[in-house]
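Engineer: These are the residues of each chain, in order.
2 protein chains.
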Amino acid sequence: MEGMPLSMGSLRTLPWYVAGSQVLGVACVVITGVWMGHYRGGYAWDGSAQFNNHPLCMVLGLVFLYGDAVLVYRVFRNETKRSVKILHALLHMMALVISIVGLVAVFDFHSSAKISHMYSLHSWCGMLTFVLFVLQWLLGLGFFLFPWASAQLRSWYLPLHVFFGLLLLAMSVGSCLLGITEKLLFSIMESYIMFTGEGVLANTLGLLLVCFGVVVGYVVTREDFRRPPNPEEEALSVHFKTLSEGEIPSSP
Amino acid sequence: MEGMPLSMGSLRTLPWYVAGSQVLGVACVVITGVWMGHYRGGYAWDGSAQFNNHPLCMVLGLVFLYGDAVLVYRVFRNETKRSVKILHALLHMMALVISIVGLVAVFDFHSSAKISHMYSLHSWCGMLTFVLFVLQWLLGLGFFLFPWASAQLRSWYLPLHVFFGLLLLAMSVGSCLLGITEKLLFSIMESYIMFTGEGVLANTLGLLLVCFGVVVGYVVTREDFRRPPNPEEEALSVHFKTLSEGEIPSSP
Chain A
1 MEGMPLSMGS LRTLPWYVAG SQVLGVACVV ITGVWMGHYR GGYAWDGSAQ
51 FNNHPLCMVL GLVFLYGDAV LVYRVFRNET KRSVKILHAL LHMMALVISI
101 VGLVAVFDFH SSAKISHMYS LHSWCGMLTF VLFVLQWLLG LGFFLFPWAS
151 AQLRSWYLPL HVFFGLLLLA MSVGSCLLGI TEKLLFSIME SYIMFTGEGV
201 LANTLGLLLV CFGVVVGYVV TREDFRRPPN PEEEALSVHF KTLSEGEIPS
251 SP
Chain B
1 MEGMPLSMGS LRTLPWYVAG SQVLGVACVV ITGVWMGHYR GGYAWDGSAQ
51 FNNHPLCMVL GLVFLYGDAV LVYRVFRNET KRSVKILHAL LHMMALVISI
101 VGLVAVFDFH SSAKISHMYS LHSWCGMLTF VLFVLQWLLG LGFFLFPWAS
151 AQLRSWYLPL HVFFGLLLLA MSVGSCLLGI TEKLLFSIME SYIMFTGEGV
201 LANTLGLLLV CFGVVVGYVV TREDFRRPPN PEEEALSVHF KTLSEGEIPS
251 SP
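For the protein sequence lines, the chains are A and B, in the order given. With this note's numbering, letter number 65 in the first sequence gets 65, and the count goes up by one each step, no holes. With this note's numbering, letter number 163 in the second sequence gets 163, and the count goes up by one each step, no holes.
You may find that some hints are simply not true.
What the hints assert, rightly or not - Derived SDA-like pairs (lysine to any residue); straight-line CA-CA distance at most 20 Å:
hint, chain 1, residue 1, chain 2, residue 2
1, A, Lys114, B, Phe195
2, B, Lys183, A, Met118
3, A, Lys183, B, Glu182
4, B, Lys183, A, Ile193
5, B, Lys114, A, Glu190
6, A, Lys183, B, Met118
7, A, Lys183, B, Trp124
8, B, Lys85, B, Gly140
9, A, Lys114, A, Glu190
10, A, Lys114, B, Val97
11, A, Lys114, B, Gly41
12, B, Lys114, A, Lys183
13, B, Lys183, B, Lys85
14, B, Lys183, A, Trp124
15, A, Lys183, B, Gly41
16, A, Lys114, B, Leu185
In case anyone wonders, no lab produced these hints; they're calculated from the structure.
Start from the sequences, fold in the hints, and give me the full structure.
Structural biologist: Quick look at the structure:
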């Protein structure tokens, strides 16, 4: 590496990427809200409108809040690692609670309408994503937030936690896109082909979800956006040079 | 890092991951072939069977061959970088040609059947993936295979090439899953909900495609699976520590 001047220069672009991710994330939540609210009959906790809570909760929880939980290690560069870890866990907890509400909404709706559960590729991928997310969250708590795991175990698990973290973001976005396609074909199969407003809006939502995932993934994996080394992390020997929650090792 | 003993030990697992990826990749191609061949009326270059070439070509080209092109840097660890680059470019060229056949098949089928082009989220995501793939392939040729680009330009572009390479694998898999969902809802919407053989087979194909992408992504991003440094690369100053085509820098 040519060293600090390049890193310092490129760090100036970080806020722009973060701001871009937030604009994209908010746009996704708003468009989902408008789609379900304006085109699909609004929100309720019974009848066919109960379903409409599902897309909104999943986009808000498992995409937007999940993505922001991943970003905190790049945004709060100079806070203590412990504070950032707690924020990371809290945002993931909010994502978990909101996505549980979203899942209850769709299972309740299916039961009331006598529709089978879990028959579609969207449901298989979405449920796999949710189960892995819960597992990842519990393992993250156990390994990194509470003092149960040894430093060696932590350093073994960290690259896996980071890999699965980004994988789950991709799977969340992918599951949303499958859900969008399903919903459009169930609701407007005849008019979808004619580039109607609802179809174009939902397709645009799909592309914006991909863009959100791409920007978050880019910020998290870009080498010169990493957090500077800190003594707490050094002491824990949680060193790795690959896709990383945090630090560049100060020594090999 | 604790150093060589750990790396040497973990390298023994690399062939298992690579073998696993090949089993998954072949299974995806075979299941797609069986789905279209057995359940959807087989293959032809006219009539409704012309469509059936599309899924087979896209899974074979933009997923299986694309994934294998990404893997060559881990599989051929001790060949010269130049040979591996040529193999990487050739596999991508095969992926490109086969995916063009797949695209011609679906556009031709749509034209014959008087169906609009490019109205669905699957088509938007799939076309975006294909266009970015062509761009990435051309830039890869220009920057890395021919001697036009300076070492500085190459080292600037390499992390982007690697990031977009993995992103495109994820987008290819995601586009296939959207296509599976579309095809099932167009063909068997009534019976899909009853867990019929075709629906379960196609859902299983979707999960296997995700697994293929995950294993390839894991092998390529795992730190101790990287290629050992080599003098050609050193001379080009193509050094980087992030998600990487190749080397760990021998000096910071």
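Engineer: Quick check: which numbered hints come out false for this structure?
Structural biologist: 9, 10, 11, 12, 13, 15
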